[in-house]
Structures are given as C-alpha cells and as structure tokens.
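Peer 1: Residue strings, one per chain:
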Amino acid sequence: MLALGSAAVSAVILLWFLIKRPPLQWSTKVMLLLGLGLFPLGTAATGNVVGFQHTMSREFCGGCHVMEPFTEDVANSKSFTLAARHSRNPMFGEESCYRCHEDYGMFGPVTTKLNGMRHVYEYWTRFHSMTIEEALPQIEMFKPYPNTNCMQCHSTQVPTWYRVPEHAALDREVRSGQVSCASAGCHGPIHPTTDGVPL
Amino acid sequence: MTLRIQLVRVLRAVRLNSVRLLRLAAFLALAGLAFMVWSLLDPRPIPIMAAMSVGQGLGTLSFVIFLVVVVQDAWRANRKRKLDDSKEEEDDK
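Taken in order, these protein sequences are the chains called H and U.
First residue of the first sequence? That's 708 in this note's numbering, and the numbers climb one at a time after it.
First residue of the second sequence? That's 1010 in this note's numbering, and the numbers climb one at a time after it.
No wet-lab data here; the hints were simulated from the structure.
The beta-carbon is built from N, C-alpha and C at its ideal position, and this holds for glycine as well.
Hints should not be assumed to be uniformly reliable.
As the list claims (entries may be wrong) - Footprint (simulated), chain U over chain H, 3 or more residues, beta carbon under 8 Å:
{"no.": "1", "region": "708 to 721"}
{"no.": "2", "region": "756 to 767"}
{"no.": "3", "region": "864 to 875"}
Unchecked claim - One-sided and incomplete, this derived list gives chain H residues near chain U with beta-carbon spacing under 8 Å:
{"no.": "4", "residue": "Phe724"}
{"no.": "5", "residue": "Cys771"}
{"no.": "6", "residue": "Val827"}
Put together the whole structure using the sequences plus the hints.
Peer 2: Spelled out as structure tokens, the structure:
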C-alpha cells in the first residue's frame, strides 16, 4: 500500500511537470526531487520488501509451469511425501519451498536469491517451451540437498535419533554429507517424482 | 579535454538542455514506476524480476539525470555570479 501510494504521488508530480511545463526554478526542482528521488525510492524500497517476501511463497515457485507437480503435491492434504508432510506444518506452510531449499547462514537469503536467479535463467533458456512431461526427467538440483538444512529443525542430537540403527551406523557420513537424509531408502524421495516418473 | 566538457558537447549536439533532460528523466521515472507497480499488482517471477532490474535501473538513471542537471545548473549559476562580480570589480576600477 505504501509502495503504491508513493508511486501514485510520484506519478502525479511527474505528470504535473510534463503537462504543466512549469518554469525551471528552485520550487520546481524541489518538486522533482520528490517526484524523481524520494517517492520512487520509497516505492522501490517497499516494493523490494514486498517482492522478496513474495519470492518466498509457494505460489511464486509454482509460477513456472514445470514446478506445478511439486507445488500441487505439497498442497495436497492427502499426499504423504516428505515435502507434503512438512508443508502441512505451519512453520513451513505457504513458504515450504523456500523454508526447505533456502541456504542457511549469514548470507543465506542472498545466496538463495542468487541461486533463484539461476533457476529463472534455466527456466527461460531450457524449460519454458517444454511440457511438464518433457521437463520432469531433466529437472535436477544444482547441488546435492544439504543435510544441514534438515538439521535446522531436526537437531539429530537427541537419544531417540541415535536409537534408529541406520542413524547410529551412518552418523559420521550423515554429518559430513556423504549420505543424504533425502536418499532413496532413507527419507527420500522427498517429492513425488523421481527421474520424471510420477510415483 | 575534461569529461565534463565532453559531456556538455554531447548534450549540446543532441540539443538536450536542462528542461529537455528533466523531461526525459520524468519519462524514464514513469516507465520505471510502471514496472514497479506491475510487480506489486501481479507478483509473478517475471514482473518481480523486471521491477527489480529494469524498473529500478530506469528509476536510478532518471534520478542521476536529475542530479546532473541540478549540479550543472548550480555550477553555471556560480560561474555567472563570479563573472558578474569580476565585471563589477573591473567597472569600479
């Protein structure tokens, strides 16, 4: 609302300048400082915040048609995939794609957005003209899914975690990332498609 | 030849005086604002990316043009004042 308000005020000032053609005196320059500087800055700043928040939403990720099988699955209350079960948790909710795929750490949001730019590039150069069936076998992660993302919520420090024989046996491998939590046979596949074949 | 003189020559060549430059800046800012408003009303990947790249680029360019015009006008006014002062001094002598 603030962004739209700033944009509207700025547009009124600029249109006044273009249509009325006032003499270029001090007061006109002050008006232009508002119309070209302060109000557009307000629109850009608040627009950035709104935009960044929206890029975290599941709806945004589903904006690329090849992501629809994934976003539809997580929205399906009857699905029992790991992604869907996590998405039913209010901590993930409508931002479940971002919450699981974000990079953690100090610059996590920035690197996540940069990786997102790469996704957009790949979409427009490769997947945009494909059908979902054509695209699914080719969609892959840029890098293995890091176990540290799972460990943001699942501490893996509690005794019950070690009571699972596979956890105890693969403790070192899991912590070093040699074995993924999302491996098939462990907790994967996370999404309903593997190698392009819907499960 | 300094960069400023080169810039002034270019602006003279394309007949871009202060008023025309500010009108250009206003058009650019309106275009930039349109991209930003588009992303707010239709928050899909392309509008959001367009707003954050093209929209903000146009907005920044328009503001830079405004600053150039303001600084140039101030510099001209200062120079004119100095010339007038020196003329008055010569007349007094």
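Peer 1: Against each hint, give a clear statement of whether it holds in the structure.
Peer 2: Comparing the hints with the structure gives:
no.: 1; hint: 708 to 721; in the structure: holds (count 6)
no.: 2; hint: 756 to 767; in the structure: holds (count 5)
no.: 3; hint: 864 to 875; in the structure: violated (count 0)
no.: 4; hint: Phe724; in the structure: 5 Å, holds
no.: 5; hint: Cys771; in the structure: 7 Å, holds
no.: 6; hint: Val827; in the structure: 6 Å, holds
Figure legend: structure checked against the earlier numbered hints; the only hint not met is number 3.
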